[in-house]
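Listed in order, the protein sequences are those of chains A and B. Each number in this note's numbering corresponds to the 1-based position in the first sequence with 184 added. Each number in this note's numbering corresponds to the 1-based position in the second sequence with 184 added.
Derived by calculation from the structure, the hints in this document are not laboratory data. Accuracy of the hints is not assured; some may be wrong.
[To be verified] From chain B, some residues computed to sit far from chain A (all C-beta separations above 10 Å):
| no. | residue |
| --- | --- |
| 1 | Val-322 |
| 2 | Gln-363 |
| 3 | Cys-365 |
| 4 | Arg-444 |
| 5 | Phe-461 |
[Stated by the list, open to error] On the chain B side, residues computed to face chain A include the following (Cβ under 10 Å):
| no. | residue |
| --- | --- |
| 6 | Tyr-335 |
| 7 | Val-403 |
| 8 | Pro-407 |
| 9 | Val-485 |
Keep in mind that this is a model prediction, so the values were computed, not measured. Glycine included, C-beta positions come from ideal geometry on N, C-alpha and C.
2 protein chains.
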Amino acid sequence: MPVSEILVVGSLAYDEVQTPFEHRREILGGAASYFSLAASRYAPVRIVGVVGEDFREDDLARFRARRIDTSGIERRPGRSFQWFGRYDYDMSTAETLNTDLGVFQHWRPRLPDAHCDVPFVFLANIHPAIQLELLDQVRRPALVALDTMNYWIEHERATLEQVISRVDVVTVNEAEARQLCVTFSIIRAARRILEMGPRALIVKRGEHGAMLFLKGGGVFWCPAYPLEKVRDPTGAGDSFAGGFLGSLAAGGRLDDDALRRAVVHGTVCASFAVESFSVDAIEGATADAIEERYRGLRALVTIGAETLAEAAPPPPHG
Amino acid sequence: MPVSEILVVGSLAYDEVQTPFEHRREILGGAASYFSLAASRYAPVRIVGVVGEDFREDDLARFRARRIDTSGIERRPGRSFQWFGRYDYDMSTAETLNTDLGVFQHWRPRLPDAHCDVPFVFLANIHPAIQLELLDQVRRPALVALDTMNYWIEHERATLEQVISRVDVVTVNEAEARQLCVTFSIIRAARRILEMGPRALIVKRGEHGAMLFLKGGGVFWCPAYPLEKVRDPTGAGDSFAGGFLGSLAAGGRLDDDALRRAVVHGTVCASFAVESFSVDAIEGATADAIEERYRGLRALVTIGAETLAEAAPPPPHG
Numbered sequence: 185m186p187v188s189e190i191l192v193v194g195s196l197a198y199d200e201v202q203t204p205f206e207h208r209r210e211i212l213g214g215a216a217s218y219f220s221l222a223a224s225r226y227a228p229v230r231i232v233g234v235v236g237e238d239f240r241e242d243d244l245a246r247f248r249a250r251r252i253d254t255s256g257i258e259r260r261p262g263r264s265f266q267w268f269g270r271y272d273y274d275m276s277t278a279e280t281l282n283t284d285l286g287v288f289q290h291w292r293p294r295l296p297d298a299h300c301d302v303p304f305v306f307l308a309n310i311h312p313a314i315q316l317e318l319l320d321q322v323r324r325p326a327l328v329a330l331d332t333m334n335y336w337i338e339h340e341r342a343t344l345e346q347v348i349s350r351v352d353v354v355t356v357n358e359a360e361a362r363q364l365c366v367t368f369s370i371i372r373a374a375r376r377i378l379e380m381g382p383r384a385l386i387v388k389r390g391e392h393g394a395m396l397f398l399k400g401g402g403v404f405w406c407p408a409y410p411l412e413k414v415r416d417p418t419g420a421g422d423s424f425a426g427g428f429l430g431s432l433a434a435g436g437r438l439d440d441d442a443l444r445r446a447v448v449h450g451t452v453c454a455s456f457a458v459e460s461f462s463v464d465a466i467e468g469a470t471a472d473a474i475e476e477r478y479r480g481l482r483a484l485v486t487i488g489a490e491t492l493a494e495a496a497p498p499p500p501h502g
Numbered sequence: 185m186p187v188s189e190i191l192v193v194g195s196l197a198y199d200e201v202q203t204p205f206e207h208r209r210e211i212l213g214g215a216a217s218y219f220s221l222a223a224s225r226y227a228p229v230r231i232v233g234v235v236g237e238d239f240r241e242d243d244l245a246r247f248r249a250r251r252i253d254t255s256g257i258e259r260r261p262g263r264s265f266q267w268f269g270r271y272d273y274d275m276s277t278a279e280t281l282n283t284d285l286g287v288f289q290h291w292r293p294r295l296p297d298a299h300c301d302v303p304f305v306f307l308a309n310i311h312p313a314i315q316l317e318l319l320d321q322v323r324r325p326a327l328v329a330l331d332t333m334n335y336w337i338e339h340e341r342a343t344l345e346q347v348i349s350r351v352d353v354v355t356v357n358e359a360e361a362r363q364l365c366v367t368f369s370i371i372r373a374a375r376r377i378l379e380m381g382p383r384a385l386i387v388k389r390g391e392h393g394a395m396l397f398l399k400g401g402g403v404f405w406c407p408a409y410p411l412e413k414v415r416d417p418t419g420a421g422d423s424f425a426g427g428f429l430g431s432l433a434a435g436g437r438l439d440d441d442a443l444r445r446a447v448v449h450g451t452v453c454a455s456f457a458v459e460s461f462s463v464d465a466i467e468g469a470t471a472d473a474i475e476e477r478y479r480g481l482r483a484l485v486t487i488g489a490e491t492l493a494e495a496a497p498p499p500p501h502g
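The whole structure should be built from the sequences, with the hints applied where relevant.
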């Protein structure tokens, strides 16, 4: 399998983000932005999304500069998605202060025909009914991953479970895994989610790393990359997904070990994302920097020389 | 270096423990109890401690059944140390509802002469001035580790820093590391603690595992053993220390990789400790069960066959 293309369907937004230390307004955000800039380090990416009249041409140019296909981004009358979130001193979970969906609100994505055959698909956090419609549009994908959020678990559980049953990989954070399965135990929650159908579940635990649960019982744990300073946690999960799918699309294998390696790449991409506001740090991450952090993460769990032979990541793209 | 002896100086207590699910009274606890029962799976252990008239002969017999030397346990008029703690639904940090130090309060340990040459020493959580006195009594130890708590960091900082400068390994939890160094960043805190003198710092993060910081910059991160059910977190840290020092005493090596392996053994012992109230589960852990969890923890971070060649732990003792 050569390097394959990746499709992401998700939000393109302008964020306002407040931490105890800084406050930024009108910065490029949205799941598709973080995802695509991370994934584009590994493989060609196409975005399907919607923006309003206010969306800056400069920001679209940033995607194109990373050879991301933006032909699936519709521009519509109205404002782009706006999100305002605040982090407390723990710098982990955002409190949403305001959301203005703008043109995103009534958007029903239609995939351009050329996008329907892209083999790697990421359904970013969006109404599960729309995720279902997208699944009906893609043709024989090699791997589909989805993200979701507490709101859909609470209000659209039946539809969400239907989507989950039709994808290969589910990514959620710890609280969402617990909420979805109504149990505190992550292990029990993981078992139940895998019983719904997917081959793999990734539970993102922020500064505590990520766990991969595989159908058949395998479990893999990757620590977070130790950073002295986290500046803005926004986009960590979508950047993770970008590194994860990017690594799979680039690596040409989909076996369990490929998924494990992909989790390490996801962790690397998330570590860049949180070092800056907006997408700046993940946009600026070089292939060398990615490789260095991959090796650093493997070294963190290494005793003796055991893991280092394995540590070479697939060569990032572009 | 053959299997070496281990000395622990610390509390022997009766605990009352309340979780959202269960409530137990008058159960065997104390740092020295958890530590010694864990460490005794690997190497011979001597306890130095103090108990009151109420301390049950049966409980001393439990130590002796594991060939733990109890000749350094003094019995004094009065009551044994009593601790009453409660855990909330997160089942992580205890809220202390009551502490009655009893005979522990005015105890100044004197090491019996035979105990002064024991090569591996664990100074469990106790007044740092007493830890200093003990350091003056031990002769050329191979390795000394200490534990402490928020109270001493707040009230006896200068003395505590003096002790830290004289030991090889410091074990603290995440909050204590932050408090000791007045910084949120665990990485910065680790650097400062290592600058005080020790060769290694272990930061215990409960369900998120443990990190080992080595002088010279090495970092190792071991995940917690994934358990479906945690019944009582009490004693996890002391059991960790028991597995850590036990593995070093048994393994005959003190290089950085030996410390990394010891962190995995510490994690294994902590995983048993939290599966029962009191010391029951760590007391009942067999050599096979320990080895199985060691392999399980290494498998959690393994991609392909890379780590399994290494995964054989030193053969537990007894």
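Exercise. Which earlier hints turn out false for this structure, listed by number in ascending order?
Worked result: 4, 6
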